[in-house]
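J.: Residue strings, one per chain:
Number of protein chains: 4
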Amino acid sequence: MSKGTVVLAYSGGLDTSCILVWLKEQGYDVIAYLANIGQAEDFDAARKKAESLGAKKVFIEDLQTEFVEEFIWPSVQANAIYEDRYLLGTSIARPCIARRQVQIARQEGAQYVSHGATGKGNDQIRFELTCYALYPEVKIISPWRIPEFYNRFQGRKDLMEYAEKHGIPVPVTPKAPWSMDANLMHISYESGILENPKNHAPSDLYLMTKNPEDAPSVPDILEIEFRKGVPVRVTHLKESTSKETPLEIFTYLNEIGGKHGVGRIDIVENRYIGMKSRGIYETPGGTILYHTHLDIEAFTMDREVRKIKQGLGIKFSELIYNGFWYSPECEFVRHCINKSQETVEGKVQLSVFRGQVYILGRESPKSLYNEELVSMDVQGDYDPGDASGFIRINAVRLREHHRLQGAAQQKY
Amino acid sequence: MSKGTVVLAYSGGLDTSCILVWLKEQGYDVIAYLANIGQAEDFDAARKKAESLGAKKVFIEDLQTEFVEEFIWPSVQANAIYEDRYLLGTSIARPCIARRQVQIARQEGAQYVSHGATGKGNDQIRFELTCYALYPEVKIISPWRIPEFYNRFQGRKDLMEYAEKHGIPVPVTPKAPWSMDANLMHISYESGILENPKNHAPSDLYLMTKNPEDAPSVPDILEIEFRKGVPVRVTHLKESTSKETPLEIFTYLNEIGGKHGVGRIDIVENRYIGMKSRGIYETPGGTILYHTHLDIEAFTMDREVRKIKQGLGIKFSELIYNGFWYSPECEFVRHCINKSQETVEGKVQLSVFRGQVYILGRESPKSLYNEELVSMDVQGDYDPGDASGFIRINAVRLREHHRLQGAAQQKY
Amino acid sequence: MSKGTVVLAYSGGLDTSCILVWLKEQGYDVIAYLANIGQAEDFDAARKKAESLGAKKVFIEDLQTEFVEEFIWPSVQANAIYEDRYLLGTSIARPCIARRQVQIARQEGAQYVSHGATGKGNDQIRFELTCYALYPEVKIISPWRIPEFYNRFQGRKDLMEYAEKHGIPVPVTPKAPWSMDANLMHISYESGILENPKNHAPSDLYLMTKNPEDAPSVPDILEIEFRKGVPVRVTHLKESTSKETPLEIFTYLNEIGGKHGVGRIDIVENRYIGMKSRGIYETPGGTILYHTHLDIEAFTMDREVRKIKQGLGIKFSELIYNGFWYSPECEFVRHCINKSQETVEGKVQLSVFRGQVYILGRESPKSLYNEELVSMDVQGDYDPGDASGFIRINAVRLREHHRLQGAAQQKY
Amino acid sequence: MSKGTVVLAYSGGLDTSCILVWLKEQGYDVIAYLANIGQAEDFDAARKKAESLGAKKVFIEDLQTEFVEEFIWPSVQANAIYEDRYLLGTSIARPCIARRQVQIARQEGAQYVSHGATGKGNDQIRFELTCYALYPEVKIISPWRIPEFYNRFQGRKDLMEYAEKHGIPVPVTPKAPWSMDANLMHISYESGILENPKNHAPSDLYLMTKNPEDAPSVPDILEIEFRKGVPVRVTHLKESTSKETPLEIFTYLNEIGGKHGVGRIDIVENRYIGMKSRGIYETPGGTILYHTHLDIEAFTMDREVRKIKQGLGIKFSELIYNGFWYSPECEFVRHCINKSQETVEGKVQLSVFRGQVYILGRESPKSLYNEELVSMDVQGDYDPGDASGFIRINAVRLREHHRLQGAAQQKY
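Residue numbers (this note's numbering), protein chains in the order written: chain U, 267 to 678; chain H, 267 to 678; chain W, 267 to 678; chain B, 267 to 678.
Do not rely on the hints blindly, as some may be mistaken.
No distinction is drawn between identical chains; accordingly, a pair holds when it is met within one copy or between any pair of copies.
[As the list claims (entries may be wrong)] Only pairs whose alpha carbons sit at most 25 Å apart, straight line, appear in this in silico BS3-like list of lysine-lysine: (1) 323 to 405; (2) 605 to 573; (3) 494 to 605; (4) 464 to 613; (5) 314 to 290; (6) 441 to 423; (7) 632 to 464; (8) 525 to 476; (9) 464 to 494; (10) 525 to 613; (11) 464 to 509; (12) 494 to 314; (13) 504 to 464.
By construction, these hints were calculated from the structure, which means they are not laboratory data. Note that the structure is predicted; figures quoted are calculated from it, not measured.
Extracted from the complex, chain U is given alone in its bound form (with noise of 0.2 Å):
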């Protein structure tokens, strides 16, 4: 007699393999799901795994395009940026991961859902209080924090040793010496030797960008078109090629990226969780993204706007980090960020090299930028003689001020 039905995010690895296996043993019926967000992945064998470990039922979802234009591109509209660095790259991929996960859930009639994240990180956060949010009343089993899990299984080894009395494919490569998670957007890398922050990254650790040293000798000159603050086209200046679709966009952007080594990070963050932990990313498209769209915003944005944008543009990305992607106030700074980016619509051009993104020009039918106004040579509608009370008035506090002072000169 079954305990109920579990959709566990089973990702084809020796955990989330040896949950499936200890669910099925606690007495749940296990749907295996498994999102394709653009992960190096054989899906094929993962189906076939699972289904040979007992899996119920068995779902591979291509969630990528998906992925590109409902999480990825509004981050790109927000210059959606973790305290000052990071991407965000995994962040964002949780809710999109964890909302079919509860359609699925619904739709089978599952009352559970279970996931492999641990008990220290982020991860488990964000696909929580997604299903949380979108599924109420699910309740989650989160065997990493169950200490009858736990405690069974407190190293690799204890997992190898179940996975071979169950029957579980053990994985024939030794383990890197640091765990990662890819995505469409990013990869990153964290604990074992990574978790001494004085420790360097070994240079074999980046599998989605080339080492900068390696990286080609002549740059690639690109050319993004944005509207309403996404990309619509990029081209290639030389090649005269280019991609339109969002899916195409994005991923011919990590091509890019990662031919010239762009995007690589090496950062100490602070969770969510209150702890302070080393992470090394690598988002090749992303970053071109990011620098491209602060470009085209900021020729086209009002100044003022952009100030109270850039506040909102925060706030949603530490909403993001820390989970809360399906939560009112989430949505609400959506919209909002969604509605600054109206006017955002224009071309930049730029060169990818060796690490780097250089931006090079840019052109739109919506700037705010006059080159009349602002130029040097020419007067336009402007009277320099303005500025001078302009000062005046703002130096009237600042006059007062220092008259209370009264002996502030001498300080200086």
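Model the placement of chains H, W and B on the given structure of chain U, informed by the hints.
T.: Relative to chain U, chains H, W and B alone:
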């Protein structure tokens, strides 16, 4: 009979030489004041030139050390950056220059100050707000905003003619088709052919940084040590050389950054005066410090303090850009930011290579990073079960929101 | 030969009557425009006066309804309040008045607009920024900033003499020793004897509200119903009467608030121009709505949305105060705030009594308040054990901080 | 054999008396700790009761002075207010109480602390975060979150039975149909019949303030003097009496405020735990100080400093409410706010009358208010012509925006 004495911010160039003579023509005694903030300039020649043009006195002031310690260092602490991209190299030089100008004016009993900044730019504001703040009763003569002046000198040709007529030495090399401003921190380029935001910058424009295409194929690995958020030592790890005074540190970072083509940006920014303008900047040492300070700060500062401090840093950047270095609010913000830096201490190792700064690792006696706590291999003082409650409580609000929305599940 | 046509914001009072005549003297055709935004005024008499002074045309425009719906309502949604105290009654009237002025100017082919606001105040900015925003090529004549005008009219005596000389009817009642500005939302009092911030306001100053000392000894109990953050009905519970159109609702709240002496404040505020000024305001209906809207909003809006919206409301208030109602950023913020109000719906019961507004209770079909969840008597869908984990995880960061500080316990 | 020693935050009431006995039942030694923070309580009786129940030791600590100086005063400086309405009277008491509890625990070698706060409220968090922050290795026993406890005591009836059985004196007066929490700063009322947010509060609920209907018909006119943002003297102008120590000042303001029914609010607020709850508060002295401090601050603080400080104050309020008084970020914010108060000095005159606080006037040796500068009658050091330039430059951006929108005039 003199109308009074003017302290003129004199650069040695054509514009301020003409202004010097013109001010004398208007009946003022002129004191020429030239600040050395690290620009390439023949200061002796400039002194002689000013004297020959009839300056009553000439002050040539070496402000390099105070520029680094009192203006660059606080900006490093703040991660000061305007509109996400511009490191404010010109903005922080202006109050440094104007402060001394005002000191000289007071000391020499001059009622007037003057400068050669244009009527459309930010610098007029930065100069004048500083002057009004520190010398509230000063009178400012800003020729480029005075119709008699700017109508007489409508182009470079008019200045050249005036110069010839008044024995002002005329530059022999043709002027670059853009204007530039240089100091220890950066060189900025704008106007002329750069006014069209679509035009790519010519590759020979940059003077402070090498073209990344021609940069060495071997990185330089540095270690920068911080105390209270400012660098106190930089060490070249392979060469085992190090620098320890502020000016030496910054100069050395400029050298290394320049060698590898670090810190070039091409942006459109929003002037305080309400226009968008296009600027190109190269900030080699400042860019290295920006990335390095971000790293040591994230490593040592509490997450929530960081968030508040980030907001203050954005405010600080805007204040600096707009000319409010000497204002009650900027003093307040500087105080707060400085307070936040008390524990920002430690060493960052980094690689400077082909236009990029790569952080490699970091260590600190004051880090909040707890390797055991965050480890995936050991438990540390952490109970994973706590995370369940944490997530469930965070979900209370989200589930209520969903409950209210009722049909929300259909939405997704 | 006319210099052109000026649309003058005409109040019917001495100042703008003199300005009307003075503008004609300067060679302009003058169209007098008088907005009815609820001030006590004999509009017919004002029309005749303007005609008799030589106005080419006279426009008397009833803007009361649009003032309530398009200016007061968005301010209610925003909980707009400047510097924590001032409800912005004058600030929001200015763009309303100037918008129509500009419409008339366009329609009548007038190139000029003019107003009687002083050169030290906020209103000149609010008028003129609205005009420039909506009619960028307009020319503005601001007599109180023109030396020929303000040197000629240095005091009220000069205006009186000019009036007598030019057949301008002179007020028969002596002027109050302060100036005031009245509209549907409030009356403001400033200058004159109020300029000394220590002076108490005389008790006969207030015109819109009764002295709380003389207010009735029985409260009025109202119920205000909101939809999308604006009141749609107000009911007097004992009298069972109700009002439903915006103008009627607001007028009625003024009446009840006025009767009980609600909404008087005496403050020092910071003008955009950099000065501190002292203002006294009475805003009866606006004060009732401020408290009531805060209540229904807190009842129906998610906590985190509220926090973000609060920040936007502060920004909005500052923008309004400074004259930026018609600006890209204010339009953006209004849009976002309006979006946040979608679920702000329900009824609030309140007592208006002797200078105060007391909230008594509230109900809403869209509330996020869950009586069972919050109850101390029943469990609801809530496990108290979750709070332990929540607290423990929130403490991770605090305990780490303490660990680092080491001797911190001695500190306390 | 004892399980160890617990320091229990003991109130003398039924709940914590039962907890005391229950803890002993569980095998702990119990130290009873009762903080005097100004609540009405027979402390001697409470001591005897605790001793009779078997407390190993009893600590009754008078924290009133430190509560005013270290917790209320910083809140006054910050204008601390949660969600625009709640003056945080309970929130700031918790860290004050818990700090001493932890000191006692350390001093007595107790490894445990315990309290009687419920599992749905904010107070559990405020208590425990303080304990973890100041005594990271402490173990906390929170009976209302322990199933064996809360399942045993499902209602007041169970507690009464347990009390009778264990010789715990049972209250003779029937419990009010709500719960309350009292201290020097305020009394809060919640739950019971108040849980329905539509129910009006009964008029006999309030204990600290008189019903405004019954308040005297003559106002009390006070003068409060501030230094560094905190009150240093309060004077009753008619009676010529004054108070000068923090505790006396605050107690006196409570008395005057209470007499006139000042500081009653009925709100719905957002708990940290994610629920909305309804609370009724009376904060007589705190309300007087809130209004008075706002006034002296606006009078003496620069506009832009005020804006930044306002943001910090909102953050501070949220931190306090959520229990983070002892956190790195709250310490940082307190430091910054305190810095901002250096010039907040002067005297405010005010009238306390029938539920309201009316500011009448203010004076300060450090005010930035410049009567001559702001005067409508004299020019002061101000050129009205400057405002034209100020407005024109501020309009540059607005006119550009309009230019781009093209058909915008039709819009209006």
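J.: Now look at each hint and say whether the structure bears it out.
T.: Evaluated hints:
1. 323 to 405: within (19 Å within a copy, 45 Å between copies)
2. 605 to 573: Answer is both; intra-copy 14 Å and inter-copy 19 Å each pass.
3. 494 to 605: Both: 9 Å inside a chain and 19 Å across chains, each within 25 Å.
4. 464 to 613: This pair counts as between: shortest inter-copy Cα distance 9 Å, intra-copy 41 Å.
5. 314 to 290: within (17 Å within a copy, 59 Å between copies)
6. 441 to 423: Answer is within: at 12 Å inside a copy they meet the 25 Å cutoff, but 60 Å across does not.
7. 632 to 464: between (47 Å within a copy, 14 Å between copies)
8. 525 to 476: both (6 Å within a copy, 23 Å between copies)
9. 464 to 494: So residue 464 and residue 494 pass the 25 Å test across copies only (20 Å; inside, 42 Å).
10. 525 to 613: Answer is within; shortest intra-copy Cα gap is 23 Å, inter-copy 31 Å.
11. 464 to 509: Between. Shortest inter-copy distance 22 Å satisfies the 25 Å Cα cut-off; intra-copy 41 Å does not.
12. 494 to 314: neither (43 Å within a copy, 53 Å between copies)
13. 504 to 464: This pair counts as between: shortest inter-copy Cα distance 17 Å, intra-copy 42 Å.
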